[in-house]
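**Q** Order-wise, the sequence lines are chains H and Z. The opening residue of the first sequence carries number 1 in the working numbering; numbering runs sequentially from there. The opening residue of the second sequence carries number 1001 in the working numbering; numbering runs sequentially from there.
Quick caveat, the hints were computed from the structure, so don't treat them as lab data. Computed from a predicted structure; not experimentally measured. Watch out, some of these pointers could steer you wrong.
In the DSS-like style, the derived pairs of lysine-lysine whose C-alpha atoms are separated by at most 25 Å in a straight line are [stated by the list, open to error]:
1. Z:K1159 to Z:K1553
2. Z:K1630 to Z:K1617
3. Z:K1382 to Z:K1098
4. Z:K1561 to H:K53
5. Z:K1553 to Z:K1382
6. H:K27 to H:K7
7. Z:K1098 to Z:K1022
8. Z:K1502 to Z:K1159
9. Z:K1382 to H:K49
10. H:K283 to Z:K1029
11. Z:K1553 to Z:K1098
12. H:K53 to Z:K1617
13. Z:K1561 to H:K49
14. H:K29 to H:K53
15. Z:K1617 to Z:K1381
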Amino acid sequence: MNDILAKLLPLVVALVFAPLAMGIIQKVKAFFAGRKGFPVFQMYRDLYKLMHKGIVYSRSTTWVFRLAPLLVLAVSLIAVAWLPLGGLRGLFSFQGGFIFVAYLFGLARFATLLASLDTASAFEGMGANREALFAILAEPATLLAFAALILTSGNSSLWGAISWGQESSFAEFGVVPLLALVSFFILALSENSRIPVDDPTTHLELTMIHEVMILDNSGPDLAYIEYASALKVWFYLVLMANIITAIFSISGWAQILAMFGFAFLLAGIIGVVESSIARLRMKKVPDFIGSAVAFALLALVLEGIL
Amino acid sequence: MMLFGIGIGVLVGGGLLTLVLKKSAGINKLGMASVVAGNVFVIVAALLGLSGRYAGEVYQFFLPLPVGAVLFSLSPLSSFFLLIIAVVTGLAAVYAPKYLAHYGEMPWRFKAHWLLYNLLAASMMLVVTAQNAVFFMLAWEGMSLSSFFLVLFQNERTKVRRAGWIYLVFTHVGAACLLVMFALLAQVSGSFDFDAMRAAAAGFSPGLKAAIFVLALVGFGMKAGFFPMYVWLPEAHPAAPSHVSAVMSGVMIKTAIYGIVLTLGLLGGGQGTELWMGWTLVVLGLVSGIFGIAFAAVQQNAKRLLAYSSVENIGIIATGLGVWFIGMASSNEVLARLGLMAALLHTVNHALFKSLLFMGAGALQLATETLDLDRMGGLLKKMPRSGLAIIAGAVAISGLPPFNGFVGEFLLYSSVFAQGFGSSLVRAVYVIAILGGLSIIGALAVFTFTKLVGTSLLGEPRTDHAAHAHEVPASMYVPMLVLAGLCLFIGLFPLPVMSALKLVLADSGLAVVGQLPSGIVSSLAAMQWVAFALIGLIGVFALVRSRVLSLHKVENTSRHKVGSTTWDCGYHNPTPRMQYTASSFAQPLASFAQPLYSPHRDGSIGPDLFPAPVARKISFPDLILDRAIKPMYSWISRAFETFSIIQHGNTHWYVLYIVIALLAVLFWSFVI
């Protein structure tokens, strides 16, 4: 029983803290903009409010549009349940789990794209198009970065790699996990529609990618999608925090503290990045995501040589 | 074995019987009934064969051939392909009558169609069971010719005739390579029987093996559609009736995969492989995959898009075969088993979802009278059942869980964890090739099939035809739903299917025995549970959503509304023409990868003072056909035109040529 509870812990932590990380990102951005910003707990209130609203469905839409938010949230939930949290193993772990999770995110992307095309809106079609296009680079980057990290340790699952790293220190392998980390940071920005790829807070639909795809969602559906996005951000934050604690070989109780510390620190760094650089032109975005592919490739080749 | 014979007999007899009927409807019904009846026998025989009942037995039919004998067997490997052929041709036959009906009343054409269709099914079944090279080639030719005439169903159209012509040329260049290959094998082994060839294989020199491998790769590759030999697929598939495209793309090109597997068996199974063969297949497979899906992504014609995507899937299968070869050559059993299992599994999967999608394209065509995605839209509301099947097929072909496409790809991905690559740098190259290649293919597939579904089924109708579309008859959507169900079944329960394939792997020619690595078995089992959890979570969230909506009493208030207009950023009167079309979806990709596509644009959007109606058309010439083969042939014909100065129609000059030629020969013999 205790075993199952321990395995559920990463999921519970994610469900509780994911909206807080979003609050931290926006607080940092507000600080740099010289504003006070809304409270860090604002997202919890937003979700609560959205769950109490009705939903407006366009007459263009079909069951696809109603299914997508459910699927997207289910996928995010499974992904954070799988991810180890420091010394805590995820709910399930098996050889090649990262491939399965990456493909589940692919399924969620598929559903989001179809739902946005279902609305017959020009703007949403545009967003769907961009999302599908940039995924062509983001998908290989994700898989290659995971593979570099996992194969370095001689393991076949992320949990195996992380726990191996914490015991015998990734530092032995020097630059490989570091390169994977850089790759994941770029992916964290691009997959979660952050500046410089996308701007979640802009008012101009023409420049959006992800936000424009969910223009027509409202009420509980929007709450599901927003919550799923927060969980996905949390997924990347914890993933990177895992790598960092493994690099420094932090273990025991210090590890749990370090996990939270690094996760929120990384949220802050994302806020700093978002405040300090401008959004790229659409034509430049592939170059940016392409650099994630390049770092991951470099990591894999170095892994082969070392 | 009798069952198989009866099945073939029913197919051929039924095809001939349609010739005596007069009415179109009767012809179509009889044709369908004969295929279904014949295939039931074949399916039973194939299932028995798959269980190993007829393993190691070779049967001879009394019909004599000039060279060789009619030898066939129902080994597990043959039965495996037989089962796929029988299921898909059967379901496509059920789909066919109502689809054919839209062409109107044309009894003679239908008679020819059913005769050829039954012959195609029968000859494919003979191809995968033949045990003699001459018999194999006869069946192979029967398959090529019957499918060629089936493509020419609407032969009054120039485009269809052109497509048929391209197909005929390619299929025969391939057959020529195969003839040479079998002649070589027969010469060395002294017999056309496959058993004798297998027995002689141990003494083959490396050079001979290399020659046979290359000939098989080109010969079978022409039919399968490897890059760069895929050219006929995007031409022939759109031209043929949809159920014929479904059969050709779903199963006929798989007979070439069978051919490659067979050839390796003839080379003496595992002993015949060398490392470079494996790497060649992996590279060829990944290149086919990436180019195939990249070209599929920009197509506007639904069936052309699907044809390019067949190139992609054949590429994935070829990659699996390559991994198997690498495993065999380096005596790495895990790799060999994973590769072959992935290739066979993806063969089944592609047969299921590709025939489903071609039938779906046919249903859309029937409803809207076009295959142009830019003229569809909003069809899911009009055609809920076929639409559902198409969406399921699209998810499956994009390789996403919990459908079957993912399982085969996962096996290939899992091969990166295998040990024993020699140097770790080789392993890194392998990992990058497999992970990078497959994930790019996967992301492009998501791009392509969200485009296909999004512009045809979702949104608002773009034309009057699309607005007044109707659901197709049950005999058309039921086969599609059956196929969709099979896709989901394999996706949710991959392990039973894979254990059924174990005997196929252990087949005498292949001899890949043993269990799958336990790591992979437990991965598949875990993924099964997660897939169920996913479905369960979706149910829970749906329940929560409907509960909170009723709990907070927002239903029937202005805060909750079903049937409003789409929010278009303040614009209240959006029209269907404002939607993204298939072309606009493809445009950014085409401009990012300009050299790959070199799009051809007709018409211009001029900077006129006053706006006037403009027409603009964008098309993507094929990389090989339009940008390599055609320029090459026009160069050749130009080169030969220079000889036209000696051809001017004056008889006395021609007599002079003869004199000069004679003198030259005389002089030559004098010198020698």
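**Q** Which hints from the list above does the structure break, by number from lowest to highest?
**A** Violated: hints 1, 5, 6, 8, 9, 10, 11, 12, 14, 15.
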